[in-house]
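Protein chains in written order, with the numbering used here: chain U, 1 to 379; chain P, 1 to 379; chain L, 1 to 379; chain B, 1 to 379.
FYI, nobody ran anything at the bench for these hints, they're computed from the structure.
Errors might be hidden in some of the hints.
[Said to hold, decoys possible] The following label-pair restraints were derived from C-beta to C-beta distances: (1) P:D128 x U:D279: 23 to 33 Å; (2) B:P106 x L:G315: 50 to 60 Å; (3) U:D50 x P:D128: 19 to 29 Å; (4) U:T344 x P:D128: 56 to 66 Å; (5) L:G127 x P:A21: 38 to 48 Å; (6) B:E25 x U:A21: 20 to 30 Å.
[As the list claims (entries may be wrong)] Which stretches of chain B does chain P cover? Using the computed rule of at least three CB atoms under 8 Å from a CB of chain P, they are: (7) 64-76; (8) 222-229.
Where a beta carbon is used, it is the ideal one built from N, C-alpha and C, also for glycine.
There are 4 protein chains.
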Amino acid sequence: MRFASDNRAGMLPEVVDALSAEATEFGGAYGEDSATAKLTALIAEIFEHDVAVYPVMTGTAANALILASLCEPWGGVACHEESHIVVDECGAPEFYGGGLRLVTLPGEHGRIEPSALDALLRSGVRGDVHQTPIQALSLTNLTEAGTTFDAAAIAELCGIARRHGLRTHLDGARFANAVVGTGETPADLTWRAGVDVMVFGGTKNGCLAAEAVVCFEPDLLPTFERRRKRGGHLASKMRFVSVQLAASLREDRWLTAARHANGHAARLAEQLVTIPAVDLMHPVEGNQVWISAPTAEIEVWERHGAEFYGSPLPGDGPPRSLVRLVASFATTDDDVTGFVELVTTAASTADAGPDSTSTAAVNQAASATSTQDCTGEKA
Amino acid sequence: MRFASDNRAGMLPEVVDALSAEATEFGGAYGEDSATAKLTALIAEIFEHDVAVYPVMTGTAANALILASLCEPWGGVACHEESHIVVDECGAPEFYGGGLRLVTLPGEHGRIEPSALDALLRSGVRGDVHQTPIQALSLTNLTEAGTTFDAAAIAELCGIARRHGLRTHLDGARFANAVVGTGETPADLTWRAGVDVMVFGGTKNGCLAAEAVVCFEPDLLPTFERRRKRGGHLASKMRFVSVQLAASLREDRWLTAARHANGHAARLAEQLVTIPAVDLMHPVEGNQVWISAPTAEIEVWERHGAEFYGSPLPGDGPPRSLVRLVASFATTDDDVTGFVELVTTAASTADAGPDSTSTAAVNQAASATSTQDCTGEKA
Amino acid sequence: MRFASDNRAGMLPEVVDALSAEATEFGGAYGEDSATAKLTALIAEIFEHDVAVYPVMTGTAANALILASLCEPWGGVACHEESHIVVDECGAPEFYGGGLRLVTLPGEHGRIEPSALDALLRSGVRGDVHQTPIQALSLTNLTEAGTTFDAAAIAELCGIARRHGLRTHLDGARFANAVVGTGETPADLTWRAGVDVMVFGGTKNGCLAAEAVVCFEPDLLPTFERRRKRGGHLASKMRFVSVQLAASLREDRWLTAARHANGHAARLAEQLVTIPAVDLMHPVEGNQVWISAPTAEIEVWERHGAEFYGSPLPGDGPPRSLVRLVASFATTDDDVTGFVELVTTAASTADAGPDSTSTAAVNQAASATSTQDCTGEKA
Amino acid sequence: MRFASDNRAGMLPEVVDALSAEATEFGGAYGEDSATAKLTALIAEIFEHDVAVYPVMTGTAANALILASLCEPWGGVACHEESHIVVDECGAPEFYGGGLRLVTLPGEHGRIEPSALDALLRSGVRGDVHQTPIQALSLTNLTEAGTTFDAAAIAELCGIARRHGLRTHLDGARFANAVVGTGETPADLTWRAGVDVMVFGGTKNGCLAAEAVVCFEPDLLPTFERRRKRGGHLASKMRFVSVQLAASLREDRWLTAARHANGHAARLAEQLVTIPAVDLMHPVEGNQVWISAPTAEIEVWERHGAEFYGSPLPGDGPPRSLVRLVASFATTDDDVTGFVELVTTAASTADAGPDSTSTAAVNQAASATSTQDCTGEKA
């Protein structure tokens, strides 16, 4: 019943094997090694496009380094108000970007509303030295709500962005889950839809600490390498980062792993929605299930060892909370059935006697009102 | 008909006299001079409170230095979405603050909606290293919409802020107009209402380039002096900044000047609202009049030499634009009567024949949808 | 006997007159005014070259904004180890430059030793992402030791710099004194010798707060205007800055003022060197006289109202201190004769009885060992 | 003959085993895991002191985050002019430190000369807002020249620093080699000698990417965790970083590995110094051998597959170059004997006929004059 986050799972066996094999070798440092070259070739093949690849070890670093490389310090980045770069990176984009600004946009289920992006870019056209020019669009796929953008939706947003001269960034910390979820190709979901540069996430999908910055326009980021070094993100033994990603890419393992995770999330959702006390809050399109339930019952789940993140929902009546459940390559059928059973039991018990829930509390005793508080630190 | 901005007016005669008198003297450098000491005493008297005073030469510097001193680089500043620090300072707060974040809030007529502030501060209580803690509230009085906050409104917002541990900043670039507009005392509008530190603006009210950072809790800003120097805002001949402000403060000249400006704005508004084509967009509580009018007529005003800032309004039907008119200590009765006459005439002409307006344009050929585009660079 | 700094003098009468005349006018804001346009034309004429001119109000801002515009955040600036940007600006270049590095070089009397520059630029050619590429050379004329660079010396250093692809910056806070001191033309001392961009100082030569960034390659600084605004250095009433400089430039007033200052410094030095206890520490080529003298006597000067900066010198024997004396446009013959008389008297007194000096102290009770501590905050 | 750097070696078998074992587990994220807690306990035991431990994945990040946490943005860090933070981190300390300054000091064989530190701290006592206060001392052990500081030498420097209120930082990227080299205890080389916080390096000693920031005064770095997250250095799967270090620490493996490396360096040096053409440039006290040799011979070594870093030395006569040879836990006896044989043969060949060396070149065609160019990117 370990649904707190996919970053709590370990490593794919093939990733371990790759590390183990590389461990007895000498190799070039700082990316001048054959493993990194091979990784670049693999990613180019998967994306059907020439790419520049820059491995780093965290997604926050990857996102922030890209945005800093795309924008001037006085520039703005249009992004969803609940995106990871806004709510969960402690201002890393502002730090790396020398004080750039994240300009937030609304949208249901974690997706930016195109008309909101359009309105933002149509306003503020003065172009003088006083204002903040929007210079990049940042998307996330899977979104922070666990939903997918399909290629058409990405193309629509990137099209608006490009008409106004913006560069486009995709946070793909869970890109594997999005590819599986949409059934579309990596190419269709990225450069063919107008994405300039993306973070291809490995850490949440069975790597130790491995994210690849993938740039579809090779000369787009002339300052990236300086920024990566200066930020302390140029691993001396980068080859060990590259072999992780390469191992997960070979033989479609990344997709197999994501398919496993998405499938378990889907089965979990299917069964949870049949329980009356449980409401589904977002469509289940990847490896996440967002539900609401009575706070009192949620506390029971927790006491019985279920792991997840939750936060109180505002409103009158008996208190309810929002819960995020994340499946990973390592989620088992037992995790799913055990959790469904627990929820079912707790629901019956709760019906039997409200007194038992009078000390209800949730993981986080917060008065949160949005998904932001759930995805929080666990992303 | 010079209503573009109060920063287009010159200097009060007494300010010129003070500069002239100081010019033949030697004096201490970098603020170690008697003029700055006298200024501090004057401000303490006016605000009925001990103060630390730091003169600088621009409002942008004053605001940014304060916020950087109040917040950590990973902190957030709650502020109105159309405030000057958000829309007109090229990201100076982010620059000085090492990448801090402005977290914007809505509110009518330039005033933050208290419930929005409250909701923001109630959410996001997780307090871990991933999120952006809100550390300061920034208010503006006069607001960017030319309206006032009275003492009660400030106290309500500062009260919410303080309950959540925030520090409070007031951008008083047009504080004189707010004091005159509300009829309340400087003390009531600031520290008695919970303001920790403010910018007391002189430049828009008859000084050359003089803003005083006024801190009501003398030890609140231990890093301010370092930041001021490091930002290049420690004037070697600071005494010349201080004498400007002191001259404008003596004998209530700052209030006389603001009363003059507010009065002319009021008279302008009174007469403009009687013209059917003109709509008042914000209450007139200071030295600004915000109206909307047919774009075609506005172009006529402009062609006849009226000076102001405008921007197109969205919507169907004949195009209309938003216009900001700002009075200053130097505005004359002729400015007012001349402009009213021009608007009246243009309205009649426009009625006579719509063809004449077919090439309608405004100062800025923008598709702006908010006051933001009007206050723009001229603030 | 007011020799503490030229920034302690007031304003030239013509500067006051210009401010006074401008005060009754309305004018464009943020540099879109006729006064700034006229200033640009005046400077172009004086330098016999097309120029872009950006007025700001402090020298620290001017220097830092230029260096930040010339260099990348990971770049280095070669400069003298005792230059103002190193010892007296609280790290403003690092702040504006996003963490750039000042790489210091030695040289006698405030002038960079050409062979040291050459050696620096010949080393460190690896050009990888790990090191700090030197991207600009910064010179100062007058130097921090009050000496001049002549055109040939500037050309030699700029020649070395340009051969290695560096841009060149000149801090001309006291450029007027350098022009008078060398007898060479503004053009010969700048662009003809290889200077790309300079700070033309007005504040120390009779203005209130006025420095012009003068760029001899008009498109060299594409980000300067953004940085100026973002740093809070875009004066809304810039026309009042521009009229100060313009008034000081007309009819060669800036040179007349500097000639006055340099002349008084020369006369002061001539007489002081005849006093046995006094040693001249740097050649007197501008408006500064650097001497050493017994600490006990210096204390006497101070007690008798002489104003200057001093700091203890290391060494055995009776304590001696370093003293900087700065003349300005406002220095009088009485200042000079009064001070010489005082020094002469103190020397006799000191000879008469050592007891009188047993509590010797100097302006600053420091154990300073270099000129750095003298020019300190007063520059 | 793989002597380019210890960061080109792979992983210790026990580190691989630990990763492998952890890979099948679920665990807490962002450091809230038992592995990180165990690591802290292990380090506390080894250092005989309570510690706060913050694992990160690169040494550059560790150094920069510490210095940024110890100093204000306008502060200075006293350090050796050839230290890694100065010459090989692309300005990371300045970046993380918001523009702090590295103030460089000379000293033979990579060790700061105590009198130079003392002189620096005795000067510049003015303490006003214009200057750069030195706030931290940074030492490196092993130094960049491969030499050690013993406990007494560290205590002397830290003593000077502390008397002036500085905090002390130790870059221990190769601390294991220093412990073995000096034969002193971890405690004696750090907190007992006055070190406040150190980087305990694992990467160069058999880990994948693992450095521990070890703080001997637990509350010394209140902003460290924020900075680590904001810099993108808070690994979600931190437990995999912690297990690397823990595996290398158990059963003194870190010392065994370092003893292996130091031993091979010593044997290499012993034999090389017997070759007349080879000069030893620094004492061999750790795992590095610094020699000079004729450039023509060095080229021969390189052509025969020896791996190392070199750079031309200035001077007249036949060109010579500086060569750095680094041993690691994975260096073999064959590496040593093969290299010595190669050098011996090349020397004989060179003696036989100078013509054979006419196209002499070295790894880096640079005109470097210091060790800086050798340690370069290979840190």
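Hint-by-hint comparison with the structure:
1. A beta carbon spacing of about 27 Å between P:D128 and U:D279 agrees with the range 23 to 33 Å that was offered as a hint.
2. Restraint check, B:P106 to L:G315: a C-beta distance of roughly 22 Å breaks the suggested window 50 to 60 Å.
3. For the hinted restraint 19 to 29 Å between U:D50 and P:D128, the CB-CB distance of approximately 40 Å leaves it violated.
4. Between U:T344 and P:D128 the beta carbon distance is about 32 Å. The supplied range of 56 to 66 Å is therefore violated.
5. Remark: the range hint 38 to 48 Å for L:G127 to P:A21 is contradicted by a beta-carbon distance near 58 Å.
6. A C-beta distance of roughly 22 Å is found between B:E25 and U:A21, which places it inside the suggested range of 20 to 30 Å.
7. With a threshold of 8 Å between beta carbons, the proposed coverage of the stretch 64-76 of chain B by chain P holds, since 3 of its residues qualify and at least three are required.
8. Using a Cβ-Cβ cut-off of 8 Å, 5 residues of the stretch 222-229 of chain B lie near chain P, which meets the minimum of three, so the contact claim holds.
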